[in-house]
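Asker: Read off the chains here:
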Amino acid sequence: MDTVLGIDLPTWWFLLIGALISGYGILDGFDLGAGALHLFFRKEQSRRIALNAIGPVWDGNEVWLVIGAGSLFAAFPLVYGTILSVFYLPFMLFLVAIIFRGISIEFRSKEKMKWWHQLWDISYCVSSTVISLLLGLVLGNLIQGIPLNANHEFVGRLRDFFNPYAILIAVTVLSLFMMHGAMYLLMKTEDRLYAKLTIIANNTSKFFILCFMATSMATLIYVPHMTAIFKAYPELFALGIAAVLIVLNIRRSIEKRQYRRGFISSSVTTALLLILFAMGLYPNLVLSNIDPKGSISIYEAASSDGSLRTMLLFAAIGMPLVATYTVFMFWTFRGKVKLEEHSY
Amino acid sequence: MDNVELLSRIQFAFTIAFHYIYPPLSIGLGVCLVIMEGLYLKTKDKVYEELTRFWVRIFALIFGIGVATGIVMEFEFGTNWATYSRYVGDIFGSALAAEGIFAFALESAFLGILLFGWNKVSPRVHFMATILVALGSIFSALWIVVANSWQQTPSGYRIEGTGMQARAIVTDFWAMVFNPSSVERYSHVLIGALLAGSFLVLSVSAWYILKKKYLVHAEAAFRIALWVAAISALGQLFTGSKSAEVVTKYQPAKLAAMEGHFEKSAPGDMYLIGWVNAKEQKTTGLKIPGGLSFLVHHDVNAPIPGLNSIKPENRPTAVNFVFQTYHLMISIGMLLIGLTLLGLYLLYRKKLFQTRWLMSVFVFSVLLPQIGNQVGWYTAEVGRQPWVVYGLLRTSDALSQAVKAEHVLASLIMFTFIYVMLFVLFLYLLNKKIQHGPDVISDDETSSRMNPSLSSLISE
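Protein sequence lines correspond, in order, to chains D and Z.
So in our numbering, spot 234 of the first sequence is number 234, and the numbers just go up one at a time.
So in our numbering, spot 252 of the second sequence is number 596, and the numbers just go up one at a time.
Among the hints, erroneous ones may be present.
Stated by the list, open to error - Straight line, CA to CA, 20 Å or less: simulated EDC-like cross-link-like pairs of lysine to aspartate or glutamate:
| no. | chain 1 | residue 1 | chain 2 | residue 2 |
| --- | --- | --- | --- | --- |
| 1 | Z | Lys593 | Z | Asp613 |
| 2 | D | Lys43 | D | Asp191 |
| 3 | Z | Lys748 | D | Glu153 |
| 4 | D | Lys112 | D | Glu341 |
| 5 | D | Lys43 | D | Asp121 |
| 6 | Z | Lys748 | Z | Asp346 |
| 7 | Z | Lys390 | Z | Glu563 |
| 8 | D | Lys336 | D | Glu44 |
| 9 | D | Lys338 | D | Asp191 |
| 10 | Z | Lys593 | Z | Asp643 |
| 11 | Z | Lys777 | D | Asp191 |
| 12 | D | Lys110 | D | Asp121 |
| 13 | D | Lys43 | D | Glu111 |
| 14 | Z | Lys777 | D | Glu340 |
| 15 | Z | Lys626 | Z | Asp643 |
| 16 | Z | Lys608 | Z | Glu563 |
| 17 | D | Lys338 | D | Glu190 |
| 18 | Z | Lys556 | Z | Asp346 |
| 19 | Z | Lys464 | D | Glu341 |
| 20 | Z | Lys390 | D | Asp191 |
| 21 | D | Lys336 | D | Asp191 |
| 22 | D | Lys110 | Z | Asp783 |
| 23 | D | Lys196 | D | Glu44 |
| 24 | Z | Lys623 | Z | Glu657 |
| 25 | Z | Lys748 | Z | Glu349 |
| 26 | Z | Lys655 | Z | Asp516 |
| 27 | D | Lys112 | Z | Asp643 |
| 28 | Z | Lys776 | D | Glu341 |
| 29 | Z | Lys623 | Z | Asp643 |
| 30 | Z | Lys694 | Z | Glu563 |
| 31 | Z | Lys777 | D | Asp305 |
| 32 | Z | Lys464 | D | Glu340 |
| 33 | Z | Lys748 | D | Asp160 |
| 34 | Z | Lys776 | D | Glu111 |
| 35 | Z | Lys777 | Z | Glu563 |
| 36 | D | Lys293 | D | Glu153 |
If you're looking for bench data, these hints aren't it; they were derived computationally from the structure.
All values derive from a computational prediction rather than experimental measurement.
Just chain Z, same shape as in the assembly:
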């Protein structure tokens, strides 16, 4: 691996990992905002209006950084990966352009109304803007995940030209969009985003409840977010197992790396935790024998092709890394299911907000979906190596010919510096907004008057 490749990969991984903190938060928070503002319009309860206004301010902060760091991603394809851009322009480029036209334009235009339109448009039009911003962010993710999924499981194309002049040409647009992994990967990513956003609301609300501040607002927000989180956490179990089936079928090398499975063809075990020694081709840990075979083939004896059945030059090199990130993602997923179900149970028993230890857990739980999204992304992307387009184009062949290592190093140092600064500022301002809390315009009497029919609907 030469320096330009290594540095470009580090730069891309770093910038995308940083960017990937924010869009999932905006998507999940956007959905929570739609529910909060919808409840306000339905019940006319000021608490929901104040909640919406409070969370819109946090949404704006997250969205702003998401856009700024997202533009970087779009340009990096051309600056650092010019050969890749030429190879997949026909396909990846059209998905990216569609994202701009159909999604990004929608969310950016109506964000202005969401933020500044409170006194300029009627509450209904404002609510419509909130829905459109949320939809825009959901569509955005759709096109980006479609483009990425095509890299994982290419279809609907043919290759024109040979060697460095080769490029992929769309032959069937909808086969390209609905390639074999699009639906599974998109639903998995989208639910990951709902978890990220709803757990932010849960965390902040739990903190208010512990501090006995803004109790009415915090409990209302907690209930909304808990439902979103619980349904999402359970749904993730389903989309996760669907994704594993797709990987089994189309990316056997990635699947083998995910479970550290080396034998040419044997039933695959499922590890709960473990360690892969790639040199000795040994995986040790706590395992369910035949568990992987059962998960993906519903048969404990079904053979799974291991890494040794794949040509050495086509195997992912960082097997232990893929194994660890994959298992961390699963553990977090299980933890989130347990946490949200326990929350719902206690909500039903009317003890939730008095269970202080659980509230403390929820305060810190905001990190879990974030880590889950990050490691899930690493599993998908590192597991795909050494291919940038699976089976078609190697990462090492995808680089820009005109770029020098020292230029990439300079830009990498610059991005590291700026992103660290940006992250510190983000945390500082987020904390400040949380400390400030919602602006309570309604008096105590009204704010304690939750709509009776509604509170019975969502218990407690």
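One chain only, chain D, in its complex shape:
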């Protein structure tokens, strides 16, 4: 099999898509979280500041979803088709939420009426919450595995997706994003809204730690295949410990009011949790919980070596560019939010 720097091409793409999904979780994670917190801000002025804190960057953040999904389509088309068609209705709901979220941000400032603002505030908050929950729901089901027969055909029912473990993961993702979003907003705001956010950051981080503990316990007890790799390579247990330390560091940063540090910690937490998930999964992309032959491995799902190699070159050229735009954007709009004529 073709390798680049000693790693085979499907594994490269497994890593790259993992990185793209982590990038998406970190970037869109904070603006989704800010959206989910939106209705906690009572004053019109506060809501506008919160919205404008993500205003110039949320579109760029969403690009990571588009690139991640496009890469999954290109590199592992079998998995792309399988996951999306199996989770048909959840993804349709996800798309509706994406549409509503985008237009809520865009439309809110276009009219002066109070009811108009309230309508789009609710739509923005609900859609952000629903997107976070659905991402978690799909993730939770992928961790447990889904019923695929030996031909990779789905033999389950829609309502099976709403199981307690998946719901727990959904809530955990939402709590992570809300905490992450609160810390982002703390970096962008001052005065009253800042004071309010310190309380929100405190509460959401406590809530997240509860969810984190519950998820860890549930995974250890009910999803043993995710932890099997630690038995084979005990040194990897260090990653699990790192995750715990980083999570504790979020609390420590919040108590010391070092929100930038807290934000970096919650970013790292997002990435680490996804790395732990990827390690439990590899070399599979989708696990079957009824027949091991039904699981889809990266080698089965991969596109041709030629295509993977060309796209790897594209990624090597394109991703540094995307990273540069992202940094340039955040640098241009650095500092606390000031409302002006172009604001939402």
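Guided by the hints, dock chain Z onto chain D, whose structure is given.
Answerer: Coordinates of chain Z only, in the frame set by chain D:
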């Protein structure tokens, strides 16, 4: 055709038709914005700055809906067309991923600066952001049309596996990108987009001129957009005939459907208007005998293979539909050429802005390129049936196996409801922005002072 197939096709057609209103507008408007802001930097005339700011606000509205509805398209390949996704992932997927990395990232990142960066970056950096957003949208269209063109005229691939496990594998990446129809179809789509955007500017400006509001701004914008529109309309004649030649060579069934040509092999007529009776295999209407043969072979007697020379199961079924959409597209193209040339002539005679009936025509003309783009797209896509990948994969075989008809029906109803609501809101907010007009910060004296050298350059 079972229900899942029918519903999935309706859903895809509906969502793409709706999406296809917005990206062409952003592309054309993006180019107009680059010209407006470029003129501002060159002349320092405040009118151009105010114009740019005004049109950037409209651009943002259009772009926002374009992105929201575009993400739907990307996911629908996987949700509704899983077998198709597996079959073409190697090819279509890589073009889609390239679009994300090289185009969409560029436009989305710099859109933030375009909208919110007025006081954060220097005018030159802002202008650069405008150019990058416009380029991003142009590249976006490139990759999407390349992916679609591969479906129309596949090349640079081999087929691996058989039956439902078969899939297309890239053997030559650049042959895949520059497949036989990419260049012709891309230039045709891109010019269609320039027409859509420039006619929006023409329409709004003409309305201001009729209402005697923002006259200086409106006339300046009208001149810019008229040039873009006129050059595009003439260019479309060229790319259109090139596209017809490609269809002749690679998609004979589509060509035959476009002109309702049934005979196995005979010179093809060109209809100006007509009606196809597919059952009796008869096409009636006003025609130029041998016109089609002349268009594509430059010889009125050159035989064209008709629908009867193609196996019945490989023929497009909606022949009259393809015929009508194709002819509507051509008529609109001709109308746009006439309209823009007349506009330029009157501009040269310094009578354009006083010709009120023509200004009224321009107000409504915004619909023409939109209809033209839509029907052109239908001609291309319906004419390709029953294939989703021409000659390789049938639409009926491309579906998701795991999806049930009632789920597709539910999502279709949901999209219809949301898109109708979205369209009403879009029109409402667009109208509101137009009513509001550009914010005039400059006083009357400066706004009436157009740069003299420039006004002589573009006449009147």
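Asker: Does Glu341/D lie within 20 Å of Lys776/Z when you go C-alpha to C-alpha?
Answerer: 17 Å, holds
Asker: Does Lys608/Z pair with Glu563/Z here, judged by a C-alpha cut-off of 20 Å?
Answerer: Distance ~54 Å between Lys608/Z and Glu563/Z Cα, so the pair is violated.
Asker: Is it true that the CA of Lys777/Z sits at most 20 Å from the CA of Asp191/D?
Answerer: 34 Å, violated
Asker: Hey, Lys623/Z versus Asp643/Z, does the alpha-carbon distance stay inside 20 Å?
Answerer: 30 Å, violated
Asker: With the threshold set at 20 Å, check whether the alpha-carbon distance from Lys293/D to Glu153/D stays at or below it.
Answerer: With Cα atoms ~11 Å apart, Lys293/D and Glu153/D stay inside 20 Å; holds.
Asker: Within a Cα-Cα threshold of 20 Å, do Lys43/D and Asp191/D meet the stated pairing?
Answerer: Cα-Cα ~13 Å, so holds.
Asker: Does the structure keep Lys338/D and Glu190/D at a Cα separation of 20 Å or less?
Answerer: 10 Å, holds
Asker: Checking one constraint from the list: CA of Lys655/Z to CA of Asp516/Z, max 20 Å. Satisfied?
Answerer: 30 Å, violated
Asker: What's the verdict on Lys776/Z and Glu111/D, does the C-alpha distance respect the 20 Å limit or exceed it?
Answerer: Measuring from Cα to Cα gives roughly 9 Å; hence the hint holds.
Asker: Does Glu340/D sit within 20 Å of Lys464/Z, going by the straight-line distance between their CA atoms?
Answerer: 11 Å, holds
Asker: For a C-alpha distance cap of 20 Å, please report whether Lys777/Z and Glu563/Z respect it.
Answerer: Holds, at roughly 18 Å.
Asker: Given the hint that Lys336/D pairs with Glu44/D, does the C-alpha gap stay at or below 20 Å?
Answerer: 18 Å, holds
Checked against the numbered hints given earlier, the structure breaks hints 11, 15, 16, 18, 20, 26, 27, 29, 31 and satisfies all the rest.
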